[in-house]
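*Asks:* Below are the chains, spelled out letter by letter.
There are 2 protein chains.
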Amino acid sequence: MNGFEFQCGTKMIFGKDKELCVGEELKKYGASRVLLVYGGSSIKKNGLYDKVIHALKEAGLFFEELPGVVPNPRVSLVRKGVEICREKDIDFLLAVGGGSVIDTCKAMSFGVYYEGDVWDLISGKTRPGEKRIPVADILTLPAAGSEESDSCVISDETIPMKTGFGSPLMRPVFSIMNPELTFTLPPYQTACGCMDIMAHAMERYFTRTPNVEMTDRVTEGILATVIHNLPKALENPRDYDARAEIMLCGTWAQNDMTGCGRQQDWFNHGLEHQISGFYDIAHGAGLAISFPAWMEFLSDKQECIPKLAQMAVRVWKVEMNFENPRETAKEGIKRLRSLIKESGLPLTLSEAGIGTEKFEMIADLMTNKGTHTCGSFYPMNKGDILTLLQMMA
Amino acid sequence: MNGFEFQCGTKMIFGKDKELCVGEELKKYGASRVLLVYGGSSIKKNGLYDKVIHALKEAGLFFEELPGVVPNPRVSLVRKGVEICREKDIDFLLAVGGGSVIDTCKAMSFGVYYEGDVWDLISGKTRPGEKRIPVADILTLPAAGSEESDSCVISDETIPMKTGFGSPLMRPVFSIMNPELTFTLPPYQTACGCMDIMAHAMERYFTRTPNVEMTDRVTEGILATVIHNLPKALENPRDYDARAEIMLCGTWAQNDMTGCGRQQDWFNHGLEHQISGFYDIAHGAGLAISFPAWMEFLSDKQECIPKLAQMAVRVWKVEMNFENPRETAKEGIKRLRSLIKESGLPLTLSEAGIGTEKFEMIADLMTNKGTHTCGSFYPMNKGDILTLLQMMA
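Chains as they are written, first to last, in the numbering used here: chain A, 1 to 393; chain B, 1 to 393.
Bound conformation, chain A alone (with noise of 0.2 Å):
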């Protein structure tokens, strides 16, 4: 186990109707002047924008509203994010939504205090400062772990380019969780958000640094706990038991727990990215697709395979075969891949519309025109992303 520093001071508010208490619950914290940032017309269908102006005026907090947030959120929202909360002195900024909300949320309340253009700070050409307003949120999507994470992603479309920066104040300071709010989440979202807890806990697990059984079982524990009720979520979208499991697996997932005192490796985080940039594709779908395919190129690897078999007998509840651990290995990412078919999820680059053309392309990206290698598990270089992809086609 390597050294470490963790602190997540995020206070989890967890269960049926606690998003009713969150007029009260930002008073607590200080707030008076509040932006609400929020996506499209889902939180208006389903009740919870109403329930939310009710809380604040309630609270007796005065508030703006930035709605407009995209899945792959703009730096152009953020920049008039920016703009609101200077002119109208916001003090506190609350996201209801997604992963998409709440990072954009979280690129603001450092941009506010930074002079130049948000995007320096983004794109890692100014590191953030010490000053930032306090973000909280209410969850409406299990996914991107966003509600208790460091670190948010931005793209600015015009480039195109997505990127994201981190710093321990960038966690919120409060995150409402009521799995009641996901019940009417399409079956489609639902998988990739699934599909991008799972990943956050693989991105982690596979990692060449000895003697982390702790954290190996807790990431374990997320996987089989996201297993076991993903199916029953798509099942029955109402059931409440299998929502909160979800919830609390995307949360344990990504709030860096479960990568203390190990190296990380975010190769598929990374290749996805790329992919996003050029097309319009879900992070879970496109993580779907790399992530089984990373897994089978790496079967084929002496020193992947003890890990990999690893997870498949714990996780896939594979029976080891001893004298061919690699079939074991192979059997667990064969699992895999059936959850993400059975859940409605491509499988390869080609269900989502996606051709080979850019091939070359992204692996330039990746590893600066051949010169670097991406990712630690297993550094990738152009060739071995080259040949990935093709198994992704």
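Hints should not be assumed to be uniformly reliable.
Pairs count within a copy or across copies, as identical chains cannot be separated in the list.
[Unchecked claim] Result set (DSS-like, lysine-lysine): computed pairs, CA atoms no more than 30 Å apart in a straight line:
(1) Lys317 with Lys232
(2) Lys16 with Lys307
(3) Lys27 with Lys301
(4) Lys80 with Lys27
(5) Lys125 with Lys28
(6) Lys27 with Lys131
(7) Lys358 with Lys88
Hint data in this document are derived by calculation from the structure and do not stem from the laboratory.
Chain A is already provided as a structure; the job is to place chain B on it using the hints.
*Replies:* Here is chain B on its own, set in the frame of chain A:
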């Protein structure tokens, strides 16, 4: 899963040599006048004391010292600490030790701002206020989990009575956890600590709340990790990785992450508090005697068998006996007893030199003379407790 709130903002600073940064870390948190609290001579023998003093001086911090904390820490020392804090205008408490030292600091931290006697807070006569002196620690004994927990346990040796109180503000602001500092722990203390960690996991695991899959799995992971690493640490006290796993488990077993969304039991801690009120027995040793006996007692109760069998299968790797789940449960208990025995801990009260003379009094105290029950997984009445005590004899 029940609704819940969870917040744990303690910063975990984990790894080799991390204690060397304690002065700088205290300054980051605004400390200027520190009270250094510790137990006896062990931190002087192993060099930790000198390192801490050096770090405090290097950082230019004023500090006073309060040694003399004993296991089952005493309110008399808490009172003395409160006086020192007031006289010397202390603004930060630094605990160097295990749960007893940290708990002493926690009680002091609220006592300073309470006008009456601190025992009012400890015994629950008065609720703690919103003001407290911040506490940080350098952990030397993985056991109580006080390094992230929101509660403390203090004894009044004159009554005698052992009780505790808590507050969301009671969690330490940071905790320095260097597994190397536990290399010199004697085998008996190592085993007692691990038993305490397992007990914290099990007090939450045994619940009647249905649908608590994710938290069950984390708890099972904690138990499996301790079971795997305790024999290694006993075999080779300088096994860094085994010590590191145990240290991490100790924190996660008691920061209440695994208690989220469920009713908890705590019968065994209640029983142990009574026993150690009358007899001089290490907390972990008391739990080693009571827990397997309690589980044995419950293995005759139809409604308790499924959870006992789940633990046996998932934690102790017992093969499920589908025809007779009770046998599965009993095999799990047998394996717990084997671990306890092999670790050098007692399995009966007589092994610990404790007779039967106080049984009636203990059962009376726990049930208010037979009018109440204790615990929630299986509410234990006075007769149950007497039966259990006979099983423990």
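*Asks:* Evaluate each hint against the coordinates.
*Replies:* Verification of the hints:
no.: 1; hint: Lys317 with Lys232; result: both (19 Å within a copy, 27 Å between copies)
no.: 2; hint: Lys16 with Lys307; result: between (38 Å within a copy, 26 Å between copies)
no.: 3; hint: Lys27 with Lys301; result: neither (55 Å within a copy, 48 Å between copies)
no.: 4; hint: Lys80 with Lys27; result: within (25 Å within a copy, 38 Å between copies)
no.: 5; hint: Lys125 with Lys28; result: between (35 Å within a copy, 26 Å between copies)
no.: 6; hint: Lys27 with Lys131; result: both (20 Å within a copy, 19 Å between copies)
no.: 7; hint: Lys358 with Lys88; result: neither (44 Å within a copy, 69 Å between copies)
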